[in-house]
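Peer 1: So you can see what is in the structure, the chains are spelled out below.
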Amino acid sequence: MKKPQKKFIIAMLLALMAVVVFATAVGAVYVPFVQTVKIILKNFGFIKNAEFQSGHESIIFYIRFPRVLVAVMVGAALATSGAVMQGIFRNPMADPGTLGVSSGASLGAVVAIALGLTTRSLYVMPVFAAAGALTVAFVIFVLSLRSGKISPLTLILSGIAVSMFVNAITSVVLSFARSDQVKEYIFWTTGGLGSRRWEHLAIGIGPILICGALLFLFSRELNVLMLGEEEAYALGLDPSKARKIMLFLSSITTAAAVSVSGNISFVGLIVPHIMRLIVGPDHRALLPASAVGGALFLVLCDVVARTVIQPEEIGVGIITSLLGAPYFLSLLIKTRKEGALL
Amino acid sequence: MVDSKGQAVVIKDLHFRVNGLEILKGINLTVNKGEFVGLIGPNGAGKTTLLKCINGINKAEGTILIDGTPLNQLKEKEIARNVALMHQDTSISFPFPALDVVLMGRYPHLKRMQRESANDYKIARKYMEYTDTLKFEKKPVTQISGGERQRVIFARVLTQETEIILLDEPAASLDISHQEQIFKYCCELIAAGKTVIAAVHDLKIAARYCSKLVLIQGGKIIAQGIPEEVLTSHNMSKAYGVNAIVYRDKVTGQLDFYLYNGRDDVRGTSVHVLGGGGSASGVIRELFEKGYKISTGVLAHGDSDLMCAEIFGIDYIACEPFSEISDEAFALNVDKIKDAQITILCNMPFGKQNIRNLEAAQYANRLIIIEDDPPEARDFTDGKALRLYGLLRQRAEVVPSARLHEVI
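Chains R and B, in that order, are what the protein sequence lines are.
With the working numbering, letter number 292 in the first sequence gets 292, and the count goes up by one each step, no holes.
To convert, take the position in the second sequence, counting from 1, and add 1000; that gives the working numbering.
Simulated from the structure, these hints should not be mistaken for lab results.
Treat the hints with caution; some may be incorrect.
Said to hold, decoys possible - List of simulated lysine-lysine pairs, DSS-like, C-alpha gap at most 25 Å: (1) LYS1059/B - LYS1077/B; (2) LYS1139/B - LYS1122/B; (3) LYS1126/B - LYS1033/B; (4) LYS241/R - LYS1338/B; (5) LYS1075/B - LYS241/R; (6) LYS6/R - LYS1111/B.
Said to hold, decoys possible - Per the computed footprint, the stretches of chain R lying under chain B, defined by three or more beta-carbons under 8 Å from a beta-carbon of chain B, are: (7) 233 to 244; (8) 255 to 268.
From the three backbone atoms N, C-alpha and C, an ideal C-beta is built for every residue, glycine too.
All chains should be built: construct the whole structure from the sequences, respecting the hints.
Peer 2: In structure tokens, the structure reads:
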């Protein structure tokens, strides 16, 4: 990684820390920043004998802070997966959402709920979500990569078709569910971070950290893949094998995020794209930048989702869609006009 | 890997199929170390396919030995440390800086997570310097021209530092100076003991630089050897389906080609051409393409019309330069003229040396005079030739060279 890229990522990390504190402090009940930091530090055992206004401690540490951390985790996971998928498919419009991988994960989660298995173990849902995500990833792989060349738009169109198909099955499953479970449908299709607690963080953090780290190890391979299928081969990289591994890892990462937050769209699309404009296409810088950028983006979107119509809140997925869909459209038009990938 | 025989690549009975269609049909080829092999042949002959088989992108049936080791026993990275391939299509759609693209040539030499060392950067910069691309090392490859990008990719291929280098149309989008340059680089690589196998479109360049040519047609090797052996009229017509005359250009000393349309309407008509000083070349070419039985004379040695006659392989009568036509040559010339159904007198200058050609023209059965410039301007005999010419003109058909086809 080159110096300016490193500096940029460190600056974003610092910004993320500040934004985490800010996001934890704001809400229906305002808690001053210093108090917020103190509450967090006290509960981690760093400081003792601190007194707080009644209720603040539980609001901050048991409600808002874990929710913000879930946003960090999910944002980072989705943006990293998006960056990897854009690299694998050499397509700036690819992301877990447009390829249908997120929908697959949602379906898996809904099936787990409908079968009533979620009470057995905390990890049933992520496993089902992963199964759903991998199924869709496999279909996309067969459709696009095995046959060789596929145009960027065809890939997105097939992703949308797969997505719609999977969403239809999700609706079918939910129509067999009890009426109180049906409103869950909205959660799984548009995504949200409402009432996400420490246990949700616990569900996702393991697979996301492991797969994310492994993906980072593949960043040089991703760079080589960018040169093209046969160029990669000539440099000693089996592109098909590398893609399979990376698609697998990014699908698991997506599934872990989706099983916590539902299907939040466009994070994996916008963030890597903007980061590529700033740090360039080198994945050794792009992947960490996307992870931090994704976290930053989702935390901020969640603040808007919580505060814009207080005391009610809207799903964070709606905010990301409102921002992401126009961006996606402009990208689509640009791609058509230039006939290029970027 | 050391191979005492010095064979860089050995290919035995190689077959390659795509969707049931056989693209390569039993290729046998041995490339020795330090050879510069040019793969030539028409489009779709299988040149690119063969190159891709040699580095394992195409999984073919048969045996390929890389420096004595079977290809299928080598891992991808091991192949990439021995064989580099520069593809025909060098487009890159992501804006990597040129230096980063060249550095990717070090990929097969690096372990996972191993960072490029200062030495890797040194190697990359060395080859960028060599290919004249260092000046835009920081520029995104999406913002440089096609030719510049091709040189960047060539630098990347060199940065792989392999013993065997495969090039697929390496000069496809290069201007003429860089085109020559890339082949000169190849010769330098050969001098350094490396082996280059290149698919080359331009036969003249291939003949000039390659130490060995391999002519492929329809998935088979139909000729291989030194350029003169491979680039024959026979092979050219077999591979490309064209009529070609292959000759060594006396000026450049290089092999050159003259392609002409089929001589399917070969006429038995015999024509004798009186020319000299370059006036007959165009006429001979036109007659040759139309399939006439041609003879020419008397021409002085060293005359370009005589070279033309040699290239087209037609009968000619020659004499010493700067001297008058001998009696013997004159007699031979008259015989030829008497035998020929048509005699053509070209738009040539008349001097003491060749005035006897005008005398000989009197014996023509049918005389055609080509007149582009007034004869007065071409007379260097103080009117003697002009008088003869005037007599000939009375009984001849006179046309400018552009309208020769109307009278024959």
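Peer 1: Next step is simple, just say for each hint if it's right about the structure.
Peer 2: Against the structure, the hints:
For the hint pairing LYS1059/B with LYS1077/B, the CA-to-CA distance comes to about 16 Å; that is within 25 Å, so the pair holds. Between LYS1139/B and LYS1122/B, the direct Cα distance comes to roughly 18 Å. Compliance with the 25 Å bound is thereby established for this hinted pair. Between LYS1126/B and LYS1033/B the alpha-carbon distance is near 24 Å, which keeps this suggested pair within the 25 Å criterion. Distance check on the hinted pair: LYS241/R and LYS1338/B sit about 79 Å apart at the alpha-carbon level, beyond 25 Å; violated.
Our distance criterion of 25 Å between C-alpha atoms is met by LYS1075/B and LYS241/R, whose separation comes to about 13 Å. With a CA separation close to 22 Å, the supplied pair LYS6/R and LYS1111/B stays within the 25 Å bound. Under a criterion of three residues with beta carbons nearer than 8 Å to beta carbons of chain B, the stated coverage of the region 233 to 244 of chain R is upheld, 6 such residues being counted. By the rule of at least three residues with a Cβ nearer than 8 Å to a Cβ of chain B, the coverage given for the region 255 to 268 of chain R is violated, with 0 such residues.
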